[in-house]
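Colleague: Using our numbering, you'd call the opening residue of the sequence shown number 3 and step up by one each time.
Just so you know, the hints here were simulated from the structure itself, not pulled from any lab data.
All C-beta atoms in this analysis are idealised placements derived from N, C-alpha and C, irrespective of residue type, glycine included.
Hints may contain errors.
Stated by the list, open to error - Beta-carbon label-pair distances, calculated as ranges:
id	residue 1	residue 2	range
1	T130	L161	19 to 25 Å
2	A62	R27	21 to 27 Å
3	R76	R27	18 to 24 Å
4	V29	G61	36 to 42 Å
5	G32	L161	21 to 27 Å
6	T68	P33	26 to 32 Å
7	R27	H63	42 to 48 Å
8	T166	T130	25 to 31 Å
9	V58	T114	27 to 33 Å
10	T166	R15	26 to 32 Å
11	R12	R65	19 to 25 Å
12	G131	E23	30 to 36 Å
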Amino acid sequence: PRVRSVHSSRPARAAARVVDEERKRGVDRGPLHGMPISIKDLIDIAGEPTTAASNVRRGAHARLATHDALIVQRLRNAGAVIIGKTNLHEFALGPTSDESAFGPVLNPHDTTRVAGGSSGGSAAAVATGMGVASIGTDTGGSIRIPAAACGVVGLKPSLGEVPTDGIVPLSW
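All chains, full assembly: derive it from the sequences and hints.
Modeller: Following this line, the structure appears as C-alpha cells:
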C-alpha cells in the first residue's frame, strides 16, 4: 500500500518515545495520545516535501513545507505519532489512486483491484494495520470511496470543521 516514511522512521520513533515517557509520568493528552497516524501526501509536514503524488512537485521541483498544516499541529498536540505520508491519486483528481508518481495504490485485500481514491493510501494504511488512523481529504468521495473499497471506516467532516491551511487546494 505504499506509505512513504518521513525521511526515516526516526522522527516517528522519537515522537513515540516522548509520548511513552509522558504516559510514564502520568501525562494523558487524551484518546490520541500515542496513536500512530499517517497523513495523505497532500498535507504539509514541516521539513518534508508535499508532492501531491505528482512528478511536478518532486526532485528539483520539490517544495519543503515550512510548517505543519494546522491539522498536523493539532494531532501532534493531542499526542498522536505521525508515522509517514500516504500515496494518493495525483493532485487528488481521481477515484482510483492508480495515477501517481509513486505507482498505484493497491487494494490490500486483493491487489488486482484498486484501493479507491483519491485517499487510497490512507485507507490502505489503516486496512493493513500500519496505523490506527490516517488523515485524507474529501471533495467528491475521496475518503469515503477508498474506505469502502478497503473495508475501513471513512469520515468526511462538515465544511469548516477541519482547517485546510497547509493542504494542497483542490476545492472547498
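Colleague: Take the hints in turn and mark each one as holding or not.
Modeller: Comparing the hints with the structure gives:
1. A hinted range of 19 to 25 Å is violated for the C-beta pair T130 and L161, which are about 30 Å apart.
2. Distance hint for A62 and R27: a CB-CB separation of about 45 Å, inconsistent with the stated range 21 to 27 Å.
3. A hinted range of 18 to 24 Å for the beta carbons of R76 and R27 is consistent with their spacing of about 22 Å.
4. At about 41 Å, the CB distance of V29 to G61 agrees with the hint of 36 to 42 Å.
5. G32 and L161 have their C-beta atoms about 25 Å apart, which keeps the hinted 21 to 27 Å range intact.
6. Range check, T68 to P33: Cβ separation about 30 Å, and the 26 to 32 Å hint holds.
7. Checked against the given bound of 42 to 48 Å, the beta carbons of R27 and H63, roughly 44 Å apart, stay inside it.
8. Between T166 and T130 the Cβ separation comes to about 27 Å, which falls inside the hinted range of 25 to 31 Å.
9. Separation of V58 from T114 is about 29 Å and conforms to the stated range, judged on CB atoms against 27 to 33 Å.
10. Between T166 and R15 the beta carbon distance is about 29 Å. The supplied range of 26 to 32 Å therefore holds.
11. Distance hint check for R12 and R65: the Cβ-Cβ separation is about 22 Å, which falls inside the suggested range of 19 to 25 Å.
12. Between G131 and E23 the CB atoms are about 25 Å apart, so this pair departs from the stated range of 30 to 36 Å.
Hint check: violations occur at hints 1, 2 and 12; the rest are consistent with the structure.
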